[in-house]
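S.K.: Here the protein sequences line up with chains G and D, keeping their order. Start counting the first sequence at 1; every next residue gets the next number (the working numbering). Start counting the second sequence at 221; every next residue gets the next number (the working numbering).
It should be emphasised that the hints constitute simulated quantities derived from the structure, not laboratory data. All C-beta atoms, glycine included, are put in the ideal place defined by N, C-alpha and C. The reader is advised that the hints may include incorrect statements.
[What the hints assert, rightly or not] Short, incomplete list of chain D residues facing chain G, as computed with Cβ under 8 Å:
1. 223
2. 238
3. 253
4. 259
5. 265
6. 267
7. 273
8. 280
9. 310
[What the hints assert, rightly or not] Mimicking SDA-like on lysine to any residue, the simulated pairs with C-alpha atoms at most 20 Å apart in a straight line are:
10. D/223 to G/194
11. D/223 to G/193
12. G/122 to G/166
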Amino acid sequence: MRIAPCALLALVLLSPASPGAVRVSRLDAVQAAVEERLAGELPEPRRPRRDLLRAGEVLAAPRVSLLDDLTSGRTVLRLLDRSFDGEFEPDLGDALEALDADVRFERDALSGWVGHAGGAAKDARVQAGVDAADRRLDRADAAAVRCERARLLRLAGLALSRARSEAAFRAPDVDPAPYAGTAPDFALPDVTPDSATFGTDVSPSDQAGFVTAWYYTRLT
Amino acid sequence: MQKEILAANPASRIRLFAVNDQGYESGVPPSTGNGRTLPILQDSAEVGAWGLWTVEYRDLVLVDGEGTGLGTINLTSHDLQDPAEYDEVLAFLRLAAGE
Chain G
1 MRIAPCALLA
11 LVLLSPASPG
21 AVRVSRLDAV
31 QAAVEERLAG
41 ELPEPRRPRR
51 DLLRAGEVLA
61 APRVSLLDDL
71 TSGRTVLRLL
81 DRSFDGEFEP
91 DLGDALEALD
101 ADVRFERDAL
111 SGWVGHAGGA
121 AKDARVQAGV
131 DAADRRLDRA
141 DAAAVRCERA
151 RLLRLAGLAL
161 SRARSEAAFR
171 APDVDPAPYA
181 GTAPDFALPD
191 VTPDSATFGT
201 DVSPSDQAGF
211 VTAWYYTRLT
Chain D
221 MQKEILAANP
231 ASRIRLFAVN
241 DQGYESGVPP
251 STGNGRTLPI
261 LQDSAEVGAW
271 GLWTVEYRDL
281 VLVDGEGTGL
291 GTINLTSHDL
301 QDPAEYDEVL
311 AFLRLAAGE
């Protein structure tokens, strides 16, 4: 997905999808696998049977946001990893990796707005949320078991969500910039005859102090 | 949009640019004239700005005053002909510029 829809500018990974938007849950494939298993013969031992039924219940609940996925995913990982060694792979592992990527995407999107959140207090709250998320993501990277990693990813997601909420920050919910750090520089000629800079080379590095928008198009 | 921004705030520190992909030079004349002043920067094989920024067609990349990327909006998904989308992008720029 290149662009998140807008709230100011629509998709909030951590919030329900905007009206008309369909968010694909990262747990859909796991849900399908669990439902298929539930449709067959249930495990005889009590604990796997109970864990499978509980996982099915958790996955049957609506999931309309990343936080929903993280909350359900944590529980489902715990249940299925302890009772079904590898039986739900690769779906379970793929879901965890996708959730990890989603949280980092949200973290990157939010961190770009430190300094632009609408005042020092709001900036500080956003930064604090990003910092809290980073600490949890670091711990998630070092987690020895998957359900612990899922738990820490959820906490990172919560930290980001709270930062937005506490800052009353209606940040445009857009994709992160396509590059990391400072914009790669270039110099291209302005070919608009009525532009003030017509005929001269224009560079991103010339725009220090200005907020700029660069529209990449193919004129026909 | 640039005219609207400057009309509302002549001291605005928001600037808009278009970067036309190489091979589409013939589309420039029909897109200029009639008082249109948006700077169109013509990309070339030598510079390769599209590749440098790893953008996709119709990406609008927003950059703060220090060159740090604030985000990307793809205008295929968010058509600025839609007044709501237009207003949201404008609000985004003004938020980023503190205006």
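S.K.: Against this structure, judge whether each hint is valid.
M.R.: Hint check:
1. 223: violated, 12 Å
2. 238: Holds. Min distance 5 Å.
3. 253: With Cβ-Cβ at 7 Å, under 8 Å, it holds.
4. 259: Constraint on residue 259 of chain D satisfied, holds at 4 Å.
5. 265: Violated, because the Cβ-Cβ distance from residue 265 of chain D to chain G comes to roughly 12 Å (cut-off 8 Å).
6. 267: Hint holds; residue 267 of chain D Cβ to chain G Cβ min 5 Å, cut 8 Å.
7. 273: Where the cut-off is 8 Å and the nearest Cβ of chain G is about 5 Å from residue 273 of chain D, the hint holds.
8. 280: holds, 5 Å
9. 310: violated, 10 Å
10. D/223 to G/194: Holds: residue 223 of chain D and residue 194 of chain G sit about 13 Å apart, inside 20 Å.
11. D/223 to G/193: It holds: about 16 Å lies between the C-alpha atoms, which stays within 20 Å.
12. G/122 to G/166: It holds: about 8 Å lies between the C-alpha atoms, which stays within 20 Å.
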